[in-house]
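Undergrad: Listed below, chain by chain, are the residues.
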Amino acid sequence: MAGPIEKMMVYLDGTEESIVAAEYAVCLAKGCGASLTALYVVNTRALNDLVRSRIFIESEEREYKSDLEEDAQRYLNHVQDLARKKGLAIQTIKSSGAINTEIKHKVEELDIDLLLIGELSRIQSRRDEFYNEVERAMRSVSCSVMIVKNEDRVWSLYESLV
Amino acid sequence: MAILDLITEDCVKVPLTGTTKKVVLREMLEHLENAGKINDVETIYTALLLREDQGSTGLGAGIAVPHAKTEAVKDLVLGVGISPAGIDFDAVDGQPSKIFFLVLAPPEQSGKHLQVLSEIARISQSAAFLRVLISSQTAAEVVEMFRE
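Chains as they are written, first to last, in our numbering: chain A, 1 to 162; chain B, 1001 to 1148.
Quick caveat, the hints were computed from the structure, so don't treat them as lab data. Possibly wrong hints are sitting among the right ones.
What follows is a list of derived Cβ distance ranges for each label pair [what the hints assert, rightly or not]:
| hint | chain 1 | residue 1 | chain 2 | residue 2 | range |
| --- | --- | --- | --- | --- | --- |
| 1 | B | Ala1035 | A | Glu119 | 24 to 34 Å |
| 2 | A | Val145 | B | Ser1126 | 27 to 37 Å |
| 3 | B | Gly1094 | A | Glu119 | 39 to 49 Å |
| 4 | A | Glu58 | B | Ala1128 | 22 to 32 Å |
| 5 | A | Thr101 | B | Pro1084 | 37 to 47 Å |
| 6 | A | Ser144 | B | Asp1093 | 43 to 53 Å |
Which chain B residues face chain A? A few, computed with CB under 8 Å, are given here [claimed, not checked]:
| hint | residue |
| --- | --- |
| 7 | Val1092 |
| 8 | Ser1110 |
| 9 | Leu1114 |
| 10 | Ser1118 |
| 11 | Ala1121 |
Once the Cα atoms are required to be at most 25 Å apart in a straight line, the calculated DSS-like pairs of lysine-lysine come out as [what the hints assert, rightly or not]:
| hint | chain 1 | residue 1 | chain 2 | residue 2 |
| --- | --- | --- | --- | --- |
| 12 | A | Lys7 | A | Lys106 |
| 13 | A | Lys65 | B | Lys1074 |
| 14 | A | Lys65 | B | Lys1022 |
| 15 | A | Lys30 | A | Lys106 |
| 16 | B | Lys1112 | A | Lys94 |
| 17 | A | Lys30 | A | Lys65 |
| 18 | A | Lys149 | A | Lys7 |
| 19 | A | Lys149 | B | Lys1112 |
| 20 | B | Lys1112 | A | Lys106 |
| 21 | B | Lys1112 | A | Lys104 |
Think of the CB as a built atom: it goes at the ideal place given N, C-alpha and C, for glycine as much as any other residue.
With the rest of the complex left out, here is chain A:
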């Protein structure tokens, strides 16, 4: 009988918190024999919104898109290295669009059992509650969600993983 978690996905957004989530995901995937996918979403929806609102001109949109694509690849490569060092195969996906909908779509498309995300930033205003994309994704995905906390403990777990 298969375990309760066969397919895990960790969402990366370029923050330290999401890297901690990736470290924990590597530990968990190794521990329960699950496959692991790392997803980074280039937020082209936000870029489009900035052009539409006239904050960005088109050359800025292109420049930022290129920067964000490079960031995405860098973080995905880093997480791939984290997994490889522990002998775990990992699938990496660079996607683009609106963050919350892309996460939701990938969870469904890949039939993910568990989504791991980094610790959420502190809610400071009502706007934060309305617009935190990762929180929205967390609420809307069809699978279980784990919020990874305690960087020191996670790092220690990752380091001790053979």
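Starting from the known structure of chain A, fit chain B onto it as the hints suggest.
TA: The following block gives chain B in isolation, referenced to the frame of chain A:
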């Protein structure tokens, strides 16, 4: 990264006294320099003007979002200024700009820069919020507005 992570009372200038685009930009930069947020005013001023030359960041509806990526800052910097009378900022609707969000980012922080600009874009769509913001009399009132 949210506006509230960046905004402090010393980043806010109320009211702005400049009456032209260039003077207001310099006024906001000098305010940020006095607050210890930036050092190289001249480099940043040039970067902002270069961006304005490509197209005004006066969005209309009284909002302007001058911004630049520059190595002259080590981390994201936000300045907020309010000019109750408004100044000509070459806005797309031809109306004077009254609320200024000045955003500076180092080249390697495009993601954070994008998040902050996106939040400003959303705020700019709230006529009610902008109306109250324009009427703010002090920096503390402005910061409080963002906390709500």
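Undergrad: Looking back at the numbered hints, which does the structure fail to meet, lowest number first?
TA: Going through the list in order, the structure violates hints 14, 17 and respects the others.
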